[in-house]
Structure formats: structure tokens, C-alpha cells
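Work out the full structure, taking the sequences as your base and the hints as a guide.
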Amino acid sequence: SAVISQKPSRDICQRGTSLTIQCQVDSQVTMMFWYRQQPGQSLTLIATANQGSEATYESGFVIDKFPISRPNLTFSTLTVSNMSPEDSSIYLCSGLAVNNEQFFGPGTRLTVL
Amino acid sequence: KNEVEQSPQNLTAQEGEFITINCSYSVGISALHWLQQHPGGGIVSLFMLSSGKKKHGRLIATINIQEKHSSLHITASHPRDSAVYICAVNFGNEKLTFGTGTRLTIIP
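Residue numbers (this note's numbering), protein chains in the order written: chain A, 1 to 113; chain B, 1001 to 1108.
Calculated from the structure, these hints are not laboratory results.
The model shown is predicted, which means the values in this text are computed figures rather than measured ones.
Ideal Cβ positions, reconstructed from N, Cα and C, are used throughout, including at glycine.
Be a bit skeptical, because a hint or two may be false.
[To be verified] Not the full set, but computed from the structure, chain A residues with beta-carbon under 8 Å of chain B:
1. 15
2. 42
3. 102
4. 106
5. 110
6. 112
7. 113
[What the hints assert, rightly or not] Pulled a few chain A residues facing chain B out of the computed Cβ check, cut under 10 Å:
8. 69
9. 73
10. 88
11. 90
12. 101
Set out below in C-alpha cells:
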């Protein structure tokens, strides 16, 4: 099974600033995803991180607000830009293994003041 | 519309009780996942199913493709089993559609 780590594990940020979250997988995965979980809600897919090309965003999410990079098969970053209190959430990355099993990172708990 | 429903939303039980959490989905799927989320937010994948039944320790997951229904069972429940359990489904592609989760509390 794949092990996924995320940094930072939590952060408290000021309105208007940006935060970059890193996701590292210990083995190759075919696909990587970024999710948001707002307080009391289920997970929502933000985008699929594509290696070496622009991410594929879900409806309601745009690149200017959530730029994503994936320079290689095992690493990806998500930036939450120009943050507002509504961006306070848990952000999770996941990787899809070749057997279609999904592995999740420990999450980044973001609070925007 | 591709939907996933879980029940119950909240479940409180005494230590040692047998626990059942249910998941229903609206249309055909390629796989169903049971996930566990602890208070810190991290998610652990418990099972991935496309048919039949899987067992890991005290956890058992079953799926009935015809009835579009899956259950997660916990035998001899323990306070450390307290967590949110999430059902998630692949509706024919790699993306997951999530249920709203079941918050399980096991009282010593």
C-alpha cells in the first residue's frame, strides 16, 4: 500500500494570504487528487493533478484560486490563494494505485482568520 | 444522478456491541470503498469492494450489486473504533463520490 504525507498538518492564516500544501507519495501512483472537506461536510473533489500539465478542475473550482502542480509521479502541491474565512477546511490529497485502490494523506487543517 | 446515501448519520453503542453501517447508491458502480476518518482529519482506506465480502480483523464489508447496497460491520466494538466511517463509490471512473459519513461513538 502507498503511504502519503502532507505538509503542513495544520496552519492558521490571515485573510488575503496564500498557503501551499505539499503532498508526497512513497510509491508511484497513476493519479493524484486534491479534496476539500468543509466543517461538517463530506469530501469534495477540487481537481485531478496531472503530471507535467495543468490540473483538471471540478465545477466550482478554478486554477487562479487553487493552482496545482505535479512535477513528477509522486509529488504534488495545492495552493489556496487570496484566502478568506470560507476557505477554512481540511485539504486532503489522495493517490490512485494501479489496482484502483485510493490512499489518502493525513490532511491539512486550515483556519483562515 | 449519481448519489451515495449512508445510514445512520450518528451511532452510539456500548463497547462489545456488533455495529452495522449501511450504504446505498443510485446506479451501477465499478468499486465501492469504506473509509475511516479520525478526529484529526486523516483518512484510512479500510476496504475496496466490487463484489462479495471482505474481512480484516474485526471489520467485515459486504456488497450486494443487484440491490446496490453495501454494509460495514464491526464485531466486538471498542472505543478506539470511534470515528467517522465514509462510504465512497466509483461510478465507472477514477473519481470518488462520497457519502455523508456515519459518526460512530463507542462507549466503554
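Proposed interface contact between residue 69 of chain A and chain B, which counts if any beta carbon pair is under 10 Å: Violated, because the Cβ-Cβ distance from residue 69 of chain A to chain B comes to roughly 20 Å (cut-off 10 Å).
Can you verify the interface hint for residue 88 of chain A: is its Cβ closer than 10 Å to any Cβ in chain B? Since the shortest Cβ distance to chain B is 12 Å, the answer is violated.
Interface hint check: residue 42 of chain A, Cβ to nearest Cβ on chain B, cutoff 8 Å. Holds or violated? Holds - the Cβ of residue 42 of chain A comes within 8 Å of chain B, reaching about 4 Å at its closest.
Residue 73 of chain A as an interface hint toward chain B, with CB separation required under 10 Å: 15 Å, violated
Hey, does the residue 90 of chain A contact hint survive, CB to chain B under 10 Å? 4 Å, holds
Interface hint compliance - residue 112 of chain A to chain B, C-beta minimum distance less than 8 Å: 16 Å, violated
So, residue 106 of chain A near chain B? Judge it on the closest CB pair being under 8 Å. 4 Å, holds
Restraint: residue 15 of chain A near chain B, CB-CB cut 8 Å. Satisfied or not? With Cβ-Cβ at 22 Å, over 8 Å, it is violated.
Regarding the hint that residue 110 of chain A lies at the interface with chain B, is the smallest CB-CB distance below 8 Å? 10 Å, violated
Residue 101 of chain A as chain B interface residue, shortest Cβ-Cβ below 10 Å: For residue 101 of chain A, the interface hint holds, since the closest Cβ of chain B sits about 5 Å away, which is under 10 Å.
Residue 113 of chain A as chain B interface residue, shortest Cβ-Cβ below 8 Å: 19 Å, violated
Is the shortest C-beta separation between residue 102 of chain A and chain B less than 8 Å? Constraint on residue 102 of chain A satisfied, holds at 6 Å.
The structure is inconsistent with the numbered hints 1, 5, 6, 7, 8, 9 and 10, although it conforms to all the rest.
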